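Number of protein chains: 2
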Amino acid sequence: MAPPHVIVPFSGADPKTRLEPLLSAAERGRLARAMLSDVLAAVSGAGAESTVLATEPVDADLAERVIVDERPLSAAVNARLESEGPVAVVMADLALATPEALEGLFATDGEVVVAPGRGGGTNALVVRHPDFSVDYHGVSYLDHRERAREVGAVVETVDSFRLATDVDEPEDVVEVLVHGDGESRDALEGMGFEIAVRDGRVGVARR
Amino acid sequence: MAPPHVIVPFSGADPKTRLEPLLSAAERGRLARAMLSDVLAAVSGAGAESTVLATEPVDADLAERVIVDERPLSAAVNARLESEGPVAVVMADLALATPEALEGLFATDGEVVVAPGRGGGTNALVVRHPDFSVDYHGVSYLDHRERAREVGAVVETVDSFRLATDVDEPEDVVEVLVHGDGESRDALEGMGFEIAVRDGRVGVARR
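Just so you know, the protein sequences line up as chains A and B, in that order.
Reading the first sequence from the start, the letters are residues 201 to 407 in the working numbering.
Reading the second sequence from the start, the letters are residues 201 to 407 in the working numbering.
Certain hints may be false.
[Unchecked claim] Residues of chain A clear of chain B, computed beta-carbon distances all greater than 10 angstroms: (1) 311; (2) 337; (3) 338; (4) 362.
[What the hints assert, rightly or not] Looking from chain A toward chain B, a few residues come up when the C-beta cut is under 7 angstroms (computed): (5) 267; (6) 268; (7) 299; (8) 320; (9) 361; (10) 364; (11) 396.
Hints listed in this document are in silico derivations from the structure and should not be mistaken for laboratory results.
Because the structure is a prediction, the values reported are computed rather than measured.
The C-beta atom is built at its ideal place from N, Cα and C for all residues, glycine as well.
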C-alpha cells in the first residue's frame, strides 16, 4: 500500500506561545522550524510526500510544496480534505516522529486512523473516507472518533508514544532532549538546554 | 515465544502522593488498587503470569502470587531479577495498558527491552540478560540503556503511548478518562471526575 500524501499544518506567526516561560519569541520560532524539519524528514523517510499547509509563506525544502491558507487550522485542513484523495494530517510539532512511527500509522487499515496526543488531542490522522472532516478544538481525539462513526467510517487508533508527544508545554521539552535525535534536539541544545533532575523529578535546565 | 513472567511492583502505603491536589488519601489508595487491577488484567490478557511485588501485604486476585519486600523499588526489583529467569517488570500505575500493548513489549527481541515513560522514566522492561540491573532513580530510561550497554546486552525500545502513560500527576488523570476502559476509569468516574475543556485546554472537573 502506497503511503498517503501528508499534510503538515504549520503556524508561522508567533508559534508555540505556551513555551513563553522557557523561550523568547525568536527561540520559539527557531524551535518550531526545527520541529517542522524533523517531521518532514520523518515523512520523507517513511516514503511519503508532503505539503506544508502554512498560515504564511515558509521555506520548507523537505516538502514537495507549500500552500498558504490563513484560515484557522480546522478550516484549512478541511479544505485540503475536500480537494485531495486519501491524505494524512501530521502536526508540525511532533519532534519525536520517526519514519517507523509514521509507517505504523500509514500501514494501519481503517477509513479514519487516529494517533492520539496527550490531553485528548489528535496528533496525526489518516483519512480515507470522503465525508470525514476535522475539528481540532476541544477533546479532538474523542470528537474525531465520534465524527468517523457519524459518517460510517471504520476508525482505528495507533498506539505510539512518539506520535503522542507534541511539544507544546515546557514539560514537553525534556522529551526532545531524552528521545530526540534531529534538528529540534540540536536547536534546544544550542540554546543551552540540558536534562536536569531535581527532587527526583526530571526536567530541563539552561546553561 | 512464551511471554515472560511479569513482576508488578506496588507501593501500598500512601500511594500516588503527587495526586494530593486532586484526591484524598483514601481515594488515592482506591485509584492505585484499581490501576493495579487493570495492569494485572492486561498482563493476564497478554497470556502472562504475574507476581505483585508489594511493600506490604495486598489482596491481588488476578496475580499468581504476592511477594512482600519492604526495600526500596530498585533493590526489591533487582532481588527478583537475580532469582528469576527472564522477566518483565511492569509498573502498577499504567492504567491504559492493554493486552495488545504488552504483547508488543513481550514480542520485541532484545536482551533488554524498554518501554519509556513520560519524563525519562522506565514504565515497563523485559530483561533477558543475567547481568542487567535496574535503577529507577533519575532519568531511568537513559540509565537503563546505558546499563544494558555496559553489560553487553542488546537493547531495544518499544514505542507505545499506552505504556508511556503512568498516572502520577493530576494532568495524567485526563488520559484515563479519555483512553481508559477498566476499573481505573470506573473509580475516577465514581469519584465524580469528568473531562472538562477550559480555554481550549483539556483537563478534568469534579462534580
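Hints and how they fare:
1. The non-interface label for residue 311 of chain A is consistent with chain B: the shortest C-beta to C-beta separation is roughly 20 angstroms, beyond 10 angstroms.
2. Consistency note on residue 337 of chain A: stated as away from chain B, yet its beta-carbon is not over 10 angstroms from all of that chain's, at 7 angstroms minimum.
3. Distance check for residue 338 of chain A against chain B: the nearest CB is about 5 angstroms away, which does not clear 10 angstroms, and the non-interface claim fails.
4. Separation of residue 362 of chain A from chain B is inadequate, the least Cβ-Cβ distance of about 5 angstroms not exceeding the 10 angstroms criterion.
5. Because the beta carbon of residue 267 of chain A sits about 25 angstroms from the nearest beta carbon in chain B, more than 7 angstroms, this interface hint is broken.
6. Look at residue 268 of chain A: its Cβ only gets to about 24 angstroms from chain B, farther than 7 angstroms, so that hint breaks.
7. About 12 angstroms separates the beta-carbon of residue 299 of chain A from the nearest beta-carbon of chain B, more than 7 angstroms, and the hint is not met.
8. Of the supplied interface hints, the one on residue 320 of chain A holds, with its beta-carbon coming within about 4 angstroms of a beta-carbon of chain B, less than 7 angstroms.
9. Using the Cβ-Cβ criterion of 7 angstroms, the hint placing residue 361 of chain A at the interface with chain B is satisfied: the shortest such distance is roughly 4 angstroms.
10. Checking residue 364 of chain A against chain B: minimum C-beta separation of about 4 angstroms stays under 7 angstroms; hint holds.
11. For residue 396 of chain A, the interface hint is violated, since its Cβ never comes within 7 angstroms of a Cβ in chain B; the closest pair sits about 9 angstroms apart.
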